[in-house]
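Protein chains in written order, with my numbering: chain A, 1 to 327; chain B, 1 to 327; chain C, 1 to 385; chain D, 1 to 385.
Calculated from the structure, these hints are not laboratory results. Mixed in with the good hints, there may be bad ones.
[Said to hold, decoys possible] Covered by chain B, per the in silico footprint, the following chain C stretches (three or more residues, Cβ under 8 angstroms):
no., segment
1, 130-141
2, 144-156
3, 191-202
4, 219-227
5, 349-360
6, 365-376
[To be verified] Which residues of chain C face chain A? A partial, calculated answer using Cβ under 10 angstroms:
no., residue
7, Tyr102
8, Phe104
9, Tyr159
10, Ile163
11, Gln164
12, Arg165
13, Asp166
As the structure is a computational prediction, the values presented were derived from the model and not from experiment. Backbone N, C-alpha and C fix where the C-beta goes; we use that ideal spot for every residue, glycine too.
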Amino acid sequence: MSTQKITLAKGLNMGLRKAMEDDPKVLVMGEDVGKLGGVFRITDGLQKDFGEDRVIDSPLAESGIVGTAVGMALRGYRPVVEIQFDGFVYPAYDQIVCQVAKMHYRSKGRSKMPMVIRIPFGGGIGAVEHHSESPEAQFAHTPGLKVVACSNPVDGYWMIQQAIASDDPVIFLEPKRQYHADKAELDESATPEPLFRSRTVRQGTDVTVLAYGPTVKTALQAAEAASGEGKSLEVIDLRTLSPLDMGPVLDSVRRTGRVVVTHEAHVNLGMGSELASRIQEECFYSLEAPVLRVGGFDTPYPASRIEEDFLPDLDRVLDAVDRTLAY
Amino acid sequence: MSTQKITLAKGLNMGLRKAMEDDPKVLVMGEDVGKLGGVFRITDGLQKDFGEDRVIDSPLAESGIVGTAVGMALRGYRPVVEIQFDGFVYPAYDQIVCQVAKMHYRSKGRSKMPMVIRIPFGGGIGAVEHHSESPEAQFAHTPGLKVVACSNPVDGYWMIQQAIASDDPVIFLEPKRQYHADKAELDESATPEPLFRSRTVRQGTDVTVLAYGPTVKTALQAAEAASGEGKSLEVIDLRTLSPLDMGPVLDSVRRTGRVVVTHEAHVNLGMGSELASRIQEECFYSLEAPVLRVGGFDTPYPASRIEEDFLPDLDRVLDAVDRTLAY
Amino acid sequence: MTHQSEFGPDLAEVFGPSQQDGGPELVQLLTPEGERREHPEFAFDLDDEAIKGFYRDMVLTRRIDTEATALQRHGELGIWAQLLGQEAAQIGAGRALRPQDYVFPTYREHGVAYCRGVDPLNLLGLFRGVDHGAWNPNDNNFGLYTIVIGAQTLHATGYAMGIQRDGAVGTGDPDRDAAVIAHFGDGASSQGDVNEAFIFAASYNAPVVFFCQNNQWAISEPIERQTRIPLYQRALGFGFPGVRVDGNDVLATYAVTKAALQRARDGQGPTFVEAYTYRMGAHTTTDDPTRYRLSDDVEHWKLKDPIARVKAYLTRNGLADDAFFGAVEDEANELGHHLREGCKALPDPKPMDMFAHVYAEEPEELRIQREGFAAYLETFEESHA
Amino acid sequence: MTHQSEFGPDLAEVFGPSQQDGGPELVQLLTPEGERREHPEFAFDLDDEAIKGFYRDMVLTRRIDTEATALQRHGELGIWAQLLGQEAAQIGAGRALRPQDYVFPTYREHGVAYCRGVDPLNLLGLFRGVDHGAWNPNDNNFGLYTIVIGAQTLHATGYAMGIQRDGAVGTGDPDRDAAVIAHFGDGASSQGDVNEAFIFAASYNAPVVFFCQNNQWAISEPIERQTRIPLYQRALGFGFPGVRVDGNDVLATYAVTKAALQRARDGQGPTFVEAYTYRMGAHTTTDDPTRYRLSDDVEHWKLKDPIARVKAYLTRNGLADDAFFGAVEDEANELGHHLREGCKALPDPKPMDMFAHVYAEEPEELRIQREGFAAYLETFEESHA
Ligand SMILES: Cc1ncc(C[n+]2csc(CCOP(=O)(O)OP(=O)(O)O)c2C)c(N)n1
Ligand SMILES: Cc1ncc(C[n+]2csc(CCOP(=O)(O)OP(=O)(O)O)c2C)c(N)n1
Ligand SMILES: [Mg+2]
Ligand SMILES: [Mg+2]
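Put together the whole structure using the sequences plus the hints.
As structure tokens, then:
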């Protein structure tokens, strides 16, 4: 197969289509996923080709969407649920943490829950309240769920298929501000990396920068900028948030001795706190400086005109890099 | 006023009564809080004395309870909501994180949200699924909420009144297995400590043990046991989880250089991870060993016959103490 | 300072309150005195042998309940959710099912579980604290008990949507067409999830029967707190039929549920069945109903006992003799023995079991945690050795 | 492989689908042609001057909407939720309110906001991204816009319960008795929260009017996905009255809402008002309705324009002349100017504003974070200096 240049939105769309072609049990469900193709057009064209029974426009009720998806999964289907925006996942929170996450455990493995819950997450698109949230830590704290975040078009294509193929429920986070941003070359004949693996996206020797979803790009930009000043940053795209793939992280930290974690979620009890905890536990003697965290501040997501101040950016990442290097 | 020996359940009940007497705007609402006095009897006798309009038995719907409480708060009331068990707070999650937490911010401080959401939390009572959860980290991650946990009868009495007096919404966690356990002497004429302060409940020099709610007792027992072996543990009852009161914690760590955090919530992204992150950030050079975390494992809460293995206990705390001392 | 609410229940006057006798809309085919009644819409289409079978079912179900209650009192169970008084509702509903139908229960459906062939011993596990559900839901098309109120009604609706997608609705093949039944209580009817289940079921015309046992109480809260009008009418506002059946009448419950299930299997969509009954016991063994309800009410409902009326019918019409009743009693005794002995013999889980089945595919970090705990436990065994 | 669902809408046949013309149950007092109609239950009790006032209100409201839409197109707003076609529903509802009543809006209640005296400029803030809500809800008893679908219906119900507790219901004092109105859309009717609001309101007999603008669409989903029967009937199942009113008829909407509010103030509990209307524009300025609906439908609804019919009535009956219409037009132009100039002049928030009002009492840790960020920002100012 020849390669093509695609956006993240396109990669996800193609990945969904592929999964639906490969397995008739795969269903897509959510608000406006049918004719409209979702507000971000990620499911564009799927209902036309797979019909209303496989691409299901739902009533406006997130608990209902996830709860009925549980039932469909129990019947042997593999539902892929779209939550329209991050901030609207909360009405379904009970079904996710008490039912989706626990069904396999409760049933001693007799009832599988092969469900994917797709959530466009993060900010930076100038949206109104509730449209720019980063709820990943809350799900990662819940045993029974797996949580991943893609950061680029090629990962979008492969990871969505892998998540659908997983027999465990996967919270699938998509950095919405990347949907229609950068394009990348997709080779459909390639062999993807496993889903629950982190990836070192830039080698470096001075500081390890951990990122996922939307902040991978920020981290890479920071690394580029830092290299101009003679600082060598290693950037890891975590990709999987639960489970964490600590192998590459610890390897890197043992080499650099310095870590900056960056995400859009609030710093307090965000993924950065878990990463910092594990790193100091595992690499205590390798650390030259404390693990520093650069995230959304511990305020509600602000009005969009100042969202870029709320969100971690190149400068704040570099500031943390400088601080860690100054130790 | 003379002192009396009371349980935690009694302390909370007396505190609620006092708050209702002091301020006619204080309302109590929840499932079975009326004639039954709540399944744990924390609201025992209140409906009889304050009437059905102030002690409100609600329909069986947690989102409805919290959502209507928001409206009552907007009308100038101070609702105290009871969630029957920790595991049943999730249907109200959306109202809590999107409305209760954000109303003050959204309205530029014009709409106050003086609401208390009482949640009996934690395990150890031999209950069935969903009755032993520890959801605190999820709330602490949410800006706009304040989160506290009481650990003893006297704190129960004072802290509930202080939480009700707070103009910010407070998630009020009550260690249910302590409700009817140990008694303590209450002096109603005493001046309580402020609500958002941690308290050193045992002085020590070798290791700092951080605990809250149900694990304070465990930590104190561990300290007692350790002292027999010549190890001196300092125990801090955090009391406030959001905001954290880092002052006493950092002071202690600077003296001991070693920390063990213990809570019943899952270790992964639990309060321990935030505490570890902050401690390594603030006291990097004081630490002699990594901050260690002893919590519920990263599995769903198991069947109650093995819950004591899931929960952190004396031995697991001491094990961590030994590990940190061995560094 | 004691006072009642000043906001009068004017709606109850308009729409009529929920009545102790169920009101005129109640479908009844067997009176509390044991007399058969006809109903214009619903007929009981089985013979007297079947009624004898229902009698047996109800006696055995009650025995499961009293035995489990006793086991709780003796400390063998942590808690037990009693069904006393609800036997007819559960047997009537349970016996109306076909093998291919699927049941989503609450935590109180012991009688339905029995009808599905779930060993009652398996029900005890979660109340004893040895597991969260001992049976395989796929063995008997009987889902695990669900404790979060109302959550299972959405699962039921989704499962029914799956049945539709499998083409197992409205084909006319009696062995293929399938329905789902979702059990829940009167209190549950207030949960958002339950109402969303109604919406999804109506919207997709899903083959699901919403079977509500209105036992008049949600722990200490009377039905009037949840609704001011008869509960079955809730369904009408969502666009599907609702029926109130005498839940203490096993014949009527059977007939109505059977019709509703057939409607679902035929592709005619959801039905709401309100089985009007009464929780004769406490909410659970830890509850104390004397705090909130009158013993008078309980006495009133004793006269409507679901088992007594079938016994009266069988006796009065000479359909069963002492030998029959004695044989059922013997069977019940045997069952009691099975439960008592079986319960005590239920193996405790091992600490390490808590790590089993968290995921279909265990992540490395959990494996490490598991192995770490195993090693930790071994240090104790060593030190005790 | 294109195919439609095989699960037929049999319920729609039974109960009758939601009709384009609202069906026989529609309360209408002014036809699309501008003719007055009588209704046995609801009368319009104001004079022609009031109707002229409504005309003005609707024209100004529409101008707010078109102006804001244009501002969005010019990049001055991030997004705008248009109300085109819903002016009568909002003015009718808004003008039925008394000062002491309280409004809980969605994100589209620009007309109601206007009625409450909220400066339309204040509505732009959140769509421009300068704040989450610029007005003080207590100034006009008009709550902030709520974006999470349905959440505000529970707030409304709770607020109404507060009114009860303040003794401001059923006293007969017209300046004291108060009601609450909760706005929401047809799509919102599927949310658990909205249904729970119905339950709480019925249970406590709360003085709240549930005012649903059924504009036939929830983004791309037609009303049939949310309900198979006319939406106002939903209320009946919860035990309170539901009324379907022509939401493009400002007289009828006013009359029905006024009656419902009075019922609430009198202590007779909740009412559901379904204002049957149509979303003439896109869901928001970022939506593309050509993907999912026919322009035929839009054309059909154009004939029912809420403003045109009042104009027809006024003209036909010689109640208003060109001078009147010209004056209203002038006012609208002035309003347009106010919005255009005002919008561009809306001050951007400062970065540090994000830390304001997180709490009533700022915790120390947040103060430290805030001060840290301020110091960080200063390093830039220095480096730029
Ligand atoms: C979401 C949730 N909230 C609260 C509870 C606690 N609870 C358990 S049973 C019950 C009452 C249920 O009443 P009903 O639905 O009438 O069923 P019944 O117990 O009468 O069979 C309550 C409040 C729960 N299990 N789940
Ligand atoms: C809980 C939640 N889910 C999804 C959304 C996204 N969303 C915004 S408006 C809308 C449709 C609302 O339709 P309706 O209630 O009919 O109101 P309308 O927009 O037509 O006025 C959706 C799905 C949201 N805001 N909140
Ligand atoms: Mg009940
Ligand atoms: Mg709509």
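Each hint tested on the structure:
1. 130-141: Holds: 3 residues of the segment 130-141 of chain C have a Cβ under 8 angstroms from chain B.
2. 144-156: holds (count 3)
3. 191-202: As far as the segment 191-202 of chain C goes, the hint holds, because 3 residues have Cβ atoms under 8 angstroms from chain B.
4. 219-227: holds (count 5)
5. 349-360: holds (count 7)
6. 365-376: Since 5 is at least three, the answer is holds.
7. Tyr102: Interface hint status for tyrosine 102 of chain C: holds (8 angstroms vs cutoff 10 angstroms).
8. Phe104: Holds: closest Cβ of chain A sits about 8 angstroms from phenylalanine 104 of chain C, inside 10 angstroms.
9. Tyr159: Where the cut-off is 10 angstroms and the nearest Cβ of chain A is about 4 angstroms from tyrosine 159 of chain C, the hint holds.
10. Ile163: holds (7 angstroms)
11. Gln164: Since the shortest Cβ distance to chain A is 8 angstroms, the answer is holds.
12. Arg165: With a minimum Cβ separation of about 6 angstroms from chain A (threshold 10 angstroms), the hint on arginine 165 of chain C holds.
13. Asp166: Holds. Min distance 7 angstroms.
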